[in-house]
Amino acid sequence: MGIEEQLTTVLAKAVIETNAAESVKELEAIRVSYLGKKGEITSVLKGVKDIDPKERPIIGKKANEVRDELTALLSHKKERLEKEALERQLENETIDVTLPGKQVSKGQTHVLTQIMEDIEDLFLGMGYQIIEGNEVESDYYNFERVNLPQNHPARDMQDTFYITPDVLLRTHTSPIQARTLESHDFSKGPLKMISPGKVYRRDTDDATHSHQFHQIEGMVIAENITMADLKGTLELLAKKMFGEDREIRLRPSYFPFTEPSVEVDVSCFKCGGKGCNVCKGTGWIEILGAGMTHPNVLEMSGVDSSKYSGFAFGLGPDRIAMLKYGVDDIRNFYLNDQRFLQQFKRKG
Amino acid sequence: MKVSYNWLSESLDLSAVSPEDLAEQITLTGIEVDSVSEPAKELKQIVVGNVLTADRMEDSDHLNITTVDVGEEDPVQIVCGAPNVKAGQKVVVALPGARLANGMKIKKSKLRGVISNGMICSLDELGFSDSVIPKHSEDGIYVLPQDAETGADALPYLGLDDAFIELDITPNRADALSMRGVAFEAGAILSQTPKFTGVNLNEETSDSIENYINVSVENTDDNSVYKMRVIKDLVVTESPLWLQRKLMHAGIRPIDAVVDVTNYIMLEYGQPLHAFDYDTLDSKDILVRRAKGSETLVTLDGQKRELNQDNLVITNGRVPVALAGVMGGENTHVTAHTKTVALESAVFESSLIRKTAQSLNLRSESSSRFEKGLNRETVQQALDHAAALIASLGNGQVVSGTAQIESEQPVYQKVTTSADKINRSLGTDMTVHDLESIFDRLGFESSVTTELVEVTVPPRRWDITIEADIIEEVARIHGYHKLPSTLPHSESVPGELTYAQKITRYTRHFMESCGLGQAISYALTTTEKAKAFAYSGKEPVELDWPMSEEHKALRQSLVSGLLDNVQYNVARQSKNVSLFEIGRVFNQTDSTLPSETTHVAGVMTGALVENSWQESHVEVDYFAVKGIIDEWFDTLGVREAITFVPVKDYSEMHPGRTAKVFWNEQLIGMVGQLHPSMAKERDLNETVLFEIDMEPFINNEHDTIKFKSIPKYPGTSRDLAFVVEETVLHEEIIKVMHASGGNWLKSVRLFDLYQGENIEDGKKSLAYSLSYLNPDATLKEEEVTKDFEQVKLALTEQFGADIR
Ligand SMILES: [Zn+2]
Chain A
1 MGIEEQLTTV
11 LAKAVIETNA
21 AESVKELEAI
31 RVSYLGKKGE
41 ITSVLKGVKD
51 IDPKERPIIG
61 KKANEVRDEL
71 TALLSHKKER
81 LEKEALERQL
91 ENETIDVTLP
101 GKQVSKGQTH
111 VLTQIMEDIE
121 DLFLGMGYQI
131 IEGNEVESDY
141 YNFERVNLPQ
151 NHPARDMQDT
161 FYITPDVLLR
171 THTSPIQART
181 LESHDFSKGP
191 LKMISPGKVY
201 RRDTDDATHS
211 HQFHQIEGMV
221 IAENITMADL
231 KGTLELLAKK
241 MFGEDREIRL
251 RPSYFPFTEP
261 SVEVDVSCFK
271 CGGKGCNVCK
281 GTGWIEILGA
291 GMTHPNVLEM
301 SGVDSSKYSG
311 FAFGLGPDRI
321 AMLKYGVDDI
331 RNFYLNDQRF
341 LQQFKRKG
Chain B
349 MKVSYNWLSE
359 SLDLSAVSPE
369 DLAEQITLTG
379 IEVDSVSEPA
389 KELKQIVVGN
399 VLTADRMEDS
409 DHLNITTVDV
419 GEEDPVQIVC
429 GAPNVKAGQK
439 VVVALPGARL
449 ANGMKIKKSK
459 LRGVISNGMI
469 CSLDELGFSD
479 SVIPKHSEDG
489 IYVLPQDAET
499 GADALPYLGL
509 DDAFIELDIT
519 PNRADALSMR
529 GVAFEAGAIL
539 SQTPKFTGVN
549 LNEETSDSIE
559 NYINVSVENT
569 DDNSVYKMRV
579 IKDLVVTESP
589 LWLQRKLMHA
599 GIRPIDAVVD
609 VTNYIMLEYG
619 QPLHAFDYDT
629 LDSKDILVRR
639 AKGSETLVTL
649 DGQKRELNQD
659 NLVITNGRVP
669 VALAGVMGGE
679 NTHVTAHTKT
689 VALESAVFES
699 SLIRKTAQSL
709 NLRSESSSRF
719 EKGLNRETVQ
729 QALDHAAALI
739 ASLGNGQVVS
749 GTAQIESEQP
759 VYQKVTTSAD
769 KINRSLGTDM
779 TVHDLESIFD
789 RLGFESSVTT
799 ELVEVTVPPR
809 RWDITIEADI
819 IEEVARIHGY
829 HKLPSTLPHS
839 ESVPGELTYA
849 QKITRYTRHF
859 MESCGLGQAI
869 SYALTTTEKA
879 KAFAYSGKEP
889 VELDWPMSEE
899 HKALRQSLVS
909 GLLDNVQYNV
919 ARQSKNVSLF
929 EIGRVFNQTD
939 STLPSETTHV
949 AGVMTGALVE
959 NSWQESHVEV
969 DYFAVKGIID
979 EWFDTLGVRE
989 AITFVPVKDY
999 SEMHPGRTAK
1009 VFWNEQLIGM
1019 VGQLHPSMAK
1029 ERDLNETVLF
1039 EIDMEPFINN
1049 EHDTIKFKSI
1059 PKYPGTSRDL
1069 AFVVEETVLH
1079 EEIIKVMHAS
1089 GGNWLKSVRL
1099 FDLYQGENIE
1109 DGKKSLAYSL
1119 SYLNPDATLK
1129 EEEVTKDFEQ
1139 VKLALTEQFG
1149 ADIR
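If you read the protein sequences in the order shown, they are chains A and B.
Just so we're aligned, residue 1 is where the first sequence starts under the working numbering, counting upward by one.
Just so we're aligned, residue 349 is where the second sequence starts under the working numbering, counting upward by one.
Derived from the structure by calculation, the hints contain no laboratory data.
For clarity, every value in this text was computed on a predicted model and none was experimentally measured.
Some hints here could point you the wrong way.
[Unchecked claim] BS3-like mimics (lysine-lysine), calculated; alpha carbons at most 25 Å apart, straight line: (1) K434(B) x K456(B); (2) K1094(B) x K1083(B); (3) K974(B) x K106(A); (4) K350(B) x K280(A); (5) K900(B) x K198(A); (6) K307(A) x K769(B); (7) K923(B) x K345(A); (8) K687(B) x K483(B); (9) K879(B) x K198(A); (10) K240(A) x K830(B); (11) K102(A) x K923(B); (12) K307(A) x K762(B); (13) K850(B) x K106(A); (14) K274(A) x K389(B); (15) K1008(B) x K1111(B); (16) K974(B) x K996(B); (17) K974(B) x K1094(B); (18) K347(A) x K850(B); (19) K280(A) x K389(B); (20) K974(B) x K1111(B).
Throw the hints in and build the complete structure from the sequences for me.
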């Protein structure tokens, strides 16, 4: 058999083997067996030097063609096999993408903190400072300085935890107002503050009473502050807490540290004002107390009440949270039952 | 204060305003209305009946068979269980189909086989509270006067056709604790001037008060006005129906005509009165003075009261006969046998009455009015009105003249302001005319110009004394709904959290991102819990008069409360609990106020990772909380200044798994595992916790971070494994490595810790990776090797480390 025929036969055999190969590894073996140093085609080519020199170019050309054809075939087949292998691998790697992911734990913010920070952020945005004070206060700052002298009938309105006859657990955050008023330098601008914090009353704990609760009081003192400014500010606050559609109404009331004093109702966020169980049929819900800071409070802090005036307001985050989320027992806020706390995990 | 709409109609024309509308307007302009009730809305088919016959039913010890004329053709038969039913009485009958209070319905029925066509009613069944029903009608039916018209609607007779507005009166508006005060208030709202019927007092001119009473007052600071009249030749009877029903609806039980009149006048004028049985006073001299330490008085309620210097008493010149403004004496009160009444109308110092009422726990309608203040203008008028009424109801005579001490006259307070000031305070633009009309409605005399507003406030509004009070009156009558809404316009100063507030908020976010939920616990706890975990050794701050042992002392640590919370959750099947709290702890100091320090604390128990389809259960352990605070310190930029020192003597904590935490030299907290026996007591599994004083971090503002350029040259690392005594602390090793590691040693990381097989008992094998970097050049192998050898040497020398 001539070399040319040999080549054709070898190539045909190689093509059959290549087509039958099922793995890259088999292909590599085929390559080695035909094109390797001791491969069949290589061996054939080695025999070229023994043939007639006249035929060499023809045989040489044929041999190269055979080698190139097989190489191309192998490479093509390899590519196909690799692609198939990848497809198989991907197929095998398929997972149930609906299975739960790995555990990440994130603690929730206490619902009262959420309410308080929302309010803090609103007032920070309007240029107020947040000022915190002591939870244990003197009788003097807690009562006398907010226009509640000894034997004032309004002292009945708040039962107090005393530590000594002169020291008590603050019943409101108002002593911070008195302390800030006396230190504020009005030549450097108006005083705009809110004071959030814990307060204490001598109450028996039940569904609607707690001996410890929270309060946020706000105060603005400057020249030419009007009651209309108070109304506008509280309107903003009510909308922020209960929604854009809310309205407020002011009712006359009494607090020793403000004059005039008002209670502020917000239109019921549940029924919109038609009357329901949340608003007890009135369409309105009492949410805070407010008023124009009493001149005595200013004067006692050394502020000239003929020049400066302003307003103050106070609200209870506990009550707001109860109303807003329908919480029916104030004690929930202080038991820290995870089943309660985690209900307020959602942001926004 | 419960206001009767019908009573109010005696002085105002209310024909154009319904009780609900009036209540709404009162709420919006001045006084909070608690409720409006209209009993007639619940009561139906209730008529006046005339009892024709009443016979005891056979076989019954209490039932009567009655026939009652109810204005229909034939009388009806009614079975009645009341012991006081008698023929000839006018009674209240609920006919079949009637509805009574509390929704009770009346049907034709049979009692022991006897047909009953309705019911004869007690006051209780008509909705009156037990506390206001006259004693004689308490256990039976109520008997109407003989002139009641048979068959007529019974409700008007009992004042049940009325509406009642319950006012919630704040301490500043004590003027509205009287019908006249409310009439002025409602008049201002409705733009009406209330009209009161005058008093027709006929004095018995032939007899004069000097023959009976001589009044003196020890100190007119305690008792500025004391007036007394005498009514003689009386027959004390029951009050007429009109008076009884007014009292009952106001929440006061009718007693007899004299006492009822004093109560009625108190409701009408807000002036408390007291009636003495003159003959029992046994003296013409009335002296008002402070009690002496040794004195006692048996009060109306039969209680013997020990008196002291703080109690003001009325005496007969020798011994106390009444506690001024609070309660009368048992021996001098009016009875059915009283012939002559000495009637007192006075003004007592409010704080004195308050103290006495409080200390003897004797709060009454009278004492609360003395405490909150009185209309000085009607002290005499109320007395005259009462005297006339008592005389007319008891067929007696008012002795001419009033015995009195009157150290002060009613004051017409002048308060000045300006229209400009009012408008600037309220943000309004009211005119002089607007203001004038408001003062007219209030019944205040005023002179109003643009520059000057001068208002004369009558004594009935003693709460108004300063400019701000006038502004409030204007605002509320003008209407708060008419105020514009604006925001303060002032130069804008940016609002910003303080550094401490930022760090506090950051810490909250950080702890939450580590999987701990925020808790808020009570600051007041038991003394024992207040002290637990605090280690200050000091006694906690305690309340002077706690309500319970549970909330008695101020906490010295947060962990104590958090553990309670954790226990609460675990007991309710929440096995994995991670909570933190940021709050104050309290400690006694040398000054009056205790110190208040902000702490952060956390407690974790249960699984850190729960068994799942691809993760296996990991229990919390010491290193879980240690990792959290390590990272927290790192982000606060203080990690380098923090050291952990093992501590064995905290009784609540695991002695081998607890560390004190120091910031520089200062002890700032602890981290560790709850003592297993404490955990067992609380039914908890392994529980770890930490508590750190935040003050050093919230009060020390840091320098700004300085950017360091990213290294251009590669670093290199070497691993080092060695065996040391197990007592050698990681932190000590790190310190030595850094001290001996040369300039280029940047960080050290522990990557293996082993004890057990192949390691001698009492020793541990540690493996660290040391990272080297020269930011300015490529490190040479020889340099690193040289430094690395120094570390080995130091470890060997200092800890006897056996390098592997
Ligand atoms: Zn509603």
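Output the indices of the hints that this structure fails to meet, ascending. Result: no hint breaks.
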